[in-house]
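> So you can see what is in the structure, the chains are spelled out below.
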Amino acid sequence: MARSRDLRPGYSRRAQYGIFTGYVIAVVGIVVGVIALALSLFDPGAFAFLRGAATEVAAPVGETSSAARRSGAGLIAAIGAYFDTGRQNLQLSREIAGARANAVTARALADENRRLKALLHIVDPAQPPIASATLIGSTAASARRYAIIDVGTAQGVRAGMPVRAAAGLIGRVVEASRDTARVLLISDADNVVPVRRAGDGLPGFVQGTANGRIAIRLLTMGNNPLHPGDVFVTSGSGGIYPPGVPVAVVATTRRDGAEGQLAADPAATDYVLVLPTYKADAVAAMAASVKAAGPPLKEDN
Amino acid sequence: MVPTSRPASTRLVSGPDATPRRPINRAPLPWLAAGLPWVSIMAMSLVTFSPVIASAPVMPPLAFMTLLAWRMLRPAFLPIWAGLPLGAWDDLFSGQPFGSAIVLWSAAMLAMEVIDERYLWRGFVQDWLAAAVLTTVYLLAMSAIAGLAARALLPLTIGPQWLMAIVLFPVVNRLVAMLDKLRLLPLMRL
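So the sequences go chain by chain: R and H. Quick note on our numbering: the first sequence kicks off at 1 and runs consecutively. Quick note on our numbering: the second sequence kicks off at 1 and runs consecutively.
Looking at chain H on its own, in the form it has when it is part of the complex (with noise of 0.2 angstroms):
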């Protein structure tokens, strides 16, 4: 036998490029592949029962941040759509005016659908400029709807929760990316 080169397409990968190993027989739990970003953005909205009753807004938008973080890791996975069903759930919880968060998350998917096309080719440092800027208008946007429900000029408090968003991007970032390896476990046998 004369080891004879193979085209590139059919060419097999080894090394660390390789797919992960996988027995041929199993594939990844359909409900949990497709269900675990939806429950883990939901789950984040519920933050807001956290052990810490606060006497001001200290925690990052953290429900925000994963719907980012999803969408950047799997930009095709969520629905562009997905902002109106996840938002009105943040919005139950939030102690924001119902309907604030699914005007904004909407409006951040539309927003991320732009960044995509121009921005075609993006590292990580690319991705947590675009988070950064799009937790920032989103915190100022929920300042600004929380200060016309009160119907007085909320003094700018976001400023601790901001820099704990932009902070804790590439952890949330992390976290997701451990989630999606755990979402495509291969447990089913077929």
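Isolated chain R, as found in the complex (with noise of 0.2 angstroms):
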């Protein structure tokens, strides 16, 4: 293939400056880009309008992807559920059974918790969720880790808020716009989450690796006291998340940690719940004060 192009068109004055200022479009794309770029990294909000208004534009386009994906995923379960019906029939009616002399054990159980809470008064006025959402698309070509649901600030959705699905924590609301935002997941590096073991209390905090696991690192130092299996919850403590939200099975125990699985894989959750900031008043008022207190004080020597 030769080159199509010539960029010496003679003596036509037109045609040489068209070229030139093609170059110099070009190059000032560079220093444009870098610009932006330098703006979005001292000030990741910095485009956020931009990117809000895209994503509402093209919400439609997720919205359909993601009623394929369910509906794909429905009629493969639907065809495979005719293979083992026999025997998917016997184990249910045996686990039926079972559940039959369970359920009463767990009545009262529940009765005697609800009366023990109300001893303690620790219950937490109900915290209804902000709203329920569907996750239409995630950033699947780049390093982050972002998803995007249909809900936005005319549902009351506010960035800050944290997102959890039926099996465990998602992420939390980073860009709200008016009818989708953006959820920063855990597996995201950027996103810490305080995180306790949910047999003992063992406190400890999870962060993203952007590979889809996430690292599991303990306050405590010492032995490692961790198993593949154990179940990671939040805690609570920061303000963000509410506490007891499921996060992270261990999978493979590290010298300093663990690796874990998220408990609630966002691939393969179409429904999503926004819930209100645990403890918001507590979360602006350190805001502010961190504010307040200015930048930590150089050491001059």
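Don't read these hints as lab results, they were simulated from the structure. The model shown is predicted, which means the values in this text are computed figures rather than measured ones. Please note that the accuracy of each hint is not assured.
[Claimed, not checked] Here are some chain R residues the structure puts well away from chain H; computed CB gaps all over 12 angstroms: (1) Ile130; (2) Arg178; (3) Gly236.
[Unchecked claim] Computed from the model, here is a short list of chain R residues facing chain H with C-beta under 7 angstroms: (4) Gly22; (5) Gly29; (6) Val34; (7) Phe47; (8) Leu50; (9) Arg51; (10) Ala58; (11) Thr139; (12) Tyr146; (13) Asp190; (14) Val192.
Glycine is no exception: its CB is placed at the ideal position from the N, C-alpha and C atoms.
Grab the two chains, each in its own frame, and use the hints to assemble them into the complex.
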């Protein structure tokens, strides 16, 4: 294939200027890009309004593909169900017999639990979710892990609100536009979630590693008390995430913590709930006090 | 009538080399011919709204690959500053910090210009090689920028994405060639 464009168009001034202007605009493009990049690295929310408007426009695309994903998964499940109907039937009838017995016990336990909580006055006034939403997209080609949901400020969603699925925590809202919002998933390296072990309250935190796994770090030093299969739930410290939401399950232990799997895989999730910020006043007060305190004092020596 | 041989410049071409038969009162739709490359690249940027909610970067940078394919198929079509508007559009949806695609796409257009200057006669394999090099640099730079934005050293997770990008480039190229045929269909009556 030969070059088809001649960059020396003879004596035509107009053509010469045209080519020259093209190069100028291309270089200006790079400069503009560098400035925009510096701005958005310095202040990640700088172009939020543009992104918000763009996702609003493209939301129908996501809704359609989300519906396609749901119906596709349903179809495969329906076909698969025919193959093991008999075995499943037997298994289910056995399970029902067991579950009947358990249900009575569970009801008694729930009743006892309610009375104990009322006694201790630790029951929060019920915090109903802000909105329920569909995950309509994610940044599949980027190393950052964002997802888009189809509710926004019109439904009362604000930046900072936690998002959970039935199986566990998904992430928190970082940008909200009118009808869509951008969710920072817990598998993103920027998202740190304070957690505790479900069994004994061993404190730690969870950080994304951007490859679908997450790292679990402990606050205590010494020998590593983690085992594969340990479940970690949010601890509620920090004031953003409500306590007791499952976050991760330990997959492999490391020297100083563990590598975990997400409790709620965003790929297998379609409906999510946006919850109110757990202690919004406390978070706001903390942010204000940090701002009022100013930057940390420099040691001048 | 004695069949005289015509001079080469006026000889009628026949056989598979002949230009596709086109009625002389038909022409391509101007808006389709001018707009389809832009629209196809912008549509590829929307792949972030894919049905797959990814937990790791798995999709190859399809929009960038489409840009390269158009640039290689029709070197004169996209202006050299095309990286500015198209990159800005891609930034809106890619989840990367705004501005990263503007820089890298503009740089890629300039790099393609240099490649055109240097290697005048290229076959498809050379084009593929050039695209592979550009895509590799692009993915590395994007990953570095994402790490800057997260203020953490991200593990290099671009492996699968990189392989898919290189393997899929001929497919994207083929797709672009089909779009190019569609673009030049003589649909308008003169």
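> If you test the structure against every hint from before, which numbers come out violated?
Hint 14 alone not satisfied by this model.
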